[in-house]
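Enquirer: As a plain string of letters, each chain reads:
Number of protein chains: 2
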Amino acid sequence: MESVPSRLSLQSLARASLPSLSRPSLPSPSLLLLHRRLTAFSVALPSFARKQSLAASPLRPFAALSEQSDLSEHTAAIIDGKLISKQIKDEIASEISRMKDAIGIVPGLAVILVGTRKDSQTYVRNKKKGCELVGITSHEALLPEDASEEDVLRLVSGFNDDPSVHGILVQLPLPKHMNEGKVMDAISIYKDVDGFHPLNVGYLAMQGKNPLFVPCTPKGCLELLSRSGINIEGKRAVVIGRSNIVGIPAALLLQKQNATVSIIHSKTKDPEKITREADIIIAAAGVPNLVRGSWIKPGAVVIDVGINPVNDPTAPRGYNLVGDVCFDEACKVASAITPVPGGVGPMTIAMLLSNTLDSAKRMHNFK
Amino acid sequence: MESVPSRLSLQSLARASLPSLSRPSLPSPSLLLLHRRLTAFSVALPSFARKQSLAASPLRPFAALSEQSDLSEHTAAIIDGKLISKQIKDEIASEISRMKDAIGIVPGLAVILVGTRKDSQTYVRNKKKGCELVGITSHEALLPEDASEEDVLRLVSGFNDDPSVHGILVQLPLPKHMNEGKVMDAISIYKDVDGFHPLNVGYLAMQGKNPLFVPCTPKGCLELLSRSGINIEGKRAVVIGRSNIVGIPAALLLQKQNATVSIIHSKTKDPEKITREADIIIAAAGVPNLVRGSWIKPGAVVIDVGINPVNDPTAPRGYNLVGDVCFDEACKVASAITPVPGGVGPMTIAMLLSNTLDSAKRMHNFK
Chain A
1 MESVPSRLSL QSLARASLPS LSRPSLPSPS LLLLHRRLTA FSVALPSFAR KQSLAASPLR
61 PFAALSEQSD LSEHTAAIID GKLISKQIKD EIASEISRMK DAIGIVPGLA VILVGTRKDS
121 QTYVRNKKKG CELVGITSHE ALLPEDASEE DVLRLVSGFN DDPSVHGILV QLPLPKHMNE
181 GKVMDAISIY KDVDGFHPLN VGYLAMQGKN PLFVPCTPKG CLELLSRSGI NIEGKRAVVI
241 GRSNIVGIPA ALLLQKQNAT VSIIHSKTKD PEKITREADI IIAAAGVPNL VRGSWIKPGA
301 VVIDVGINPV NDPTAPRGYN LVGDVCFDEA CKVASAITPV PGGVGPMTIA MLLSNTLDSA
361 KRMHNFK
Chain B
1 MESVPSRLSL QSLARASLPS LSRPSLPSPS LLLLHRRLTA FSVALPSFAR KQSLAASPLR
61 PFAALSEQSD LSEHTAAIID GKLISKQIKD EIASEISRMK DAIGIVPGLA VILVGTRKDS
121 QTYVRNKKKG CELVGITSHE ALLPEDASEE DVLRLVSGFN DDPSVHGILV QLPLPKHMNE
181 GKVMDAISIY KDVDGFHPLN VGYLAMQGKN PLFVPCTPKG CLELLSRSGI NIEGKRAVVI
241 GRSNIVGIPA ALLLQKQNAT VSIIHSKTKD PEKITREADI IIAAAGVPNL VRGSWIKPGA
301 VVIDVGINPV NDPTAPRGYN LVGDVCFDEA CKVASAITPV PGGVGPMTIA MLLSNTLDSA
361 KRMHNFK
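If you're matching them up, the sequences are chains A and B in order.
My numbering applies: residue 1 is where the first sequence begins, and numbers increase by one.
My numbering applies: residue 1 is where the second sequence begins, and numbers increase by one.
None of these hints come from the bench; they were simulated from the model.
Heads up, a few of these hints could be off.
One copy or two, either will do: identical chains are not told apart, so a pair holds if it fits within one copy or between any two.
Quick list of in silico lysine-lysine cross-link-like pairs, BS3-like style, CA-CA up to 25 Å [to be verified]:
(1) LYS256 with LYS182
(2) LYS361 with LYS182
(3) LYS209 with LYS256
(4) LYS209 with LYS367
(5) LYS267 with LYS297
The following block holds chain A by itself, in its conformation from the complex (with noise of 0.2 Å):
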């Protein structure tokens, strides 16, 4: 769950062209903050991109670069989902406050971890603390790793059941022993906000039709990019790997704001020459650097799923986190990119507690 893809597609391709898989420093935050000027960043972009920079508002942050002494040397816009992420938090927050004043209806999330993975841990207290930062109430089962599945199923039971529940997360993955698509299809689909019950995988692909949930991580993806003022009508879109969680939602989603999509993904011969023709490119490999400077179009928005840890020593905690996506050339080639960490990532707790707050509002009639 999270962002964090299967990694099982595309690692060959990875490890045949990069010649090393350290994550390359990102700008430091101060320089994160400074805004570029806007004519300079004009000069710079293809038409097609210089558009959408400058309709960017300071209130859609489309966020700001490292200034450069020589302005020759192009460098993308950081798309900062940290910051973007908060916004919405915020948002989030003022809806329920005027929610609960309204009707004194409070969103509820339930959580249900089984084992004592720690990164399902980590997960589960992030979403935990979202919870508690814009208002929803936080509902946590936690079963021991031996629990059997009719433990779990009867614990989803009891919160499809619950009035005061309006949103059902199982942490992924699930011990060996239990049949995991079994237990995701046995929530029910209005408390379904993870998005990945095949009714509104269906519902998502499906002309002329609406998902009650879209799942978090891609649609954090169009948040970012809807925020960063990019329109998607008319684009060629790629996106690479094709996961449930986000490959798949990520490309019917551009498909249903009407850009041409391609996936892209193990089996495709030439990933390079098809990522190039793309004016948006989703990364959701799971290979760390898979995406280098030569496969982007010059302007080109770049949105960095994978979140991969890749050893090194000298990082205090022996491994730093890197995209699906070769930064320091991207930055070079596109108009737009999302850094890692602080891009995707942010948004994927941000969206779920959006999709919380919309379920509460469906089944109480709230507007």
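Chain B: place on chain A using the hints.
Expert: Positioned in the frame of chain A, the structure of chain B alone reads:
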């Protein structure tokens, strides 16, 4: 339903570029039965197409084509949907007979027709004929145009509960006073032989999941490819049109079989350029002669789902049926192509019968 997709999209594109909407004449039936010498054939085709053609066995009718005096002018192989669908119906009939002998079960298909639309009546009649041919019991329910939605829902519910019915099909379009989505969603997914239920669409979209039923026309397209010895994995495929009945499920199917898929639609810029990148083209836009020769990469395989009536005072019925692909031009570039009529059309009913048989087998656990 059937192989007639929505005509809403891409109309303007076709109008802009097409000199004449009259149907290019097909080779005469006798010519269609002639087999071209493979030696000559292989000289004219690029290696991708050549391998496939040579791989096609007589039992897999990558059927052959008009002989030409001038061998330097390339002519695509005709994928003979009439012949292939007949083979499939023969296989179904033999399976049904085996099942009847073994467990005494005969598959049943229920068709609900509301009103007196001529095209719908024709489709229903053809379905009935198809059932008779292979030994499926046909249950027909005819309702007047002014029947209520509840009447239809009651019929659906009855067929859902009837153990002698293994497939239910509601002929579309329904009269305007009915909610088609509501009626379709009422069909048990275990009897949804059209494969239009959002749950089936969801499973079709998801990696690692399989729908109970795949929509008949796109399933027919892929069956034509597979029975013509055309490999899909790793190929670039373009689907033109994004209807829920053909375009979207066709793209999802190709993607499941590891093609790299792009969907082209009315908002796509430069569809000609994108289509020209494809090894496999499925045209389902509902626009007569939209796909010109210049849209097709030499050696590509073209599946034409379009079946558009175009006025022609000299034709016996006052109109001709025309595909979405400019047949004469495409023949000179493609390695293989389906004709209209006689290509995808006959496959739709064959796949409906196949889905009904599969349903009966699944319900009675007959292998």
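Enquirer: Does each hint fit the structure? Answer for all of them.
Expert: Cross-check of the supplied hints:
no.: 1; hint: LYS256 with LYS182; verdict: between (28 Å within a copy, 21 Å between copies)
no.: 2; hint: LYS361 with LYS182; verdict: between (28 Å within a copy, 23 Å between copies)
no.: 3; hint: LYS209 with LYS256; verdict: both (10 Å within a copy, 22 Å between copies)
no.: 4; hint: LYS209 with LYS367; verdict: within (21 Å within a copy, 36 Å between copies)
no.: 5; hint: LYS267 with LYS297; verdict: both (22 Å within a copy, 21 Å between copies)
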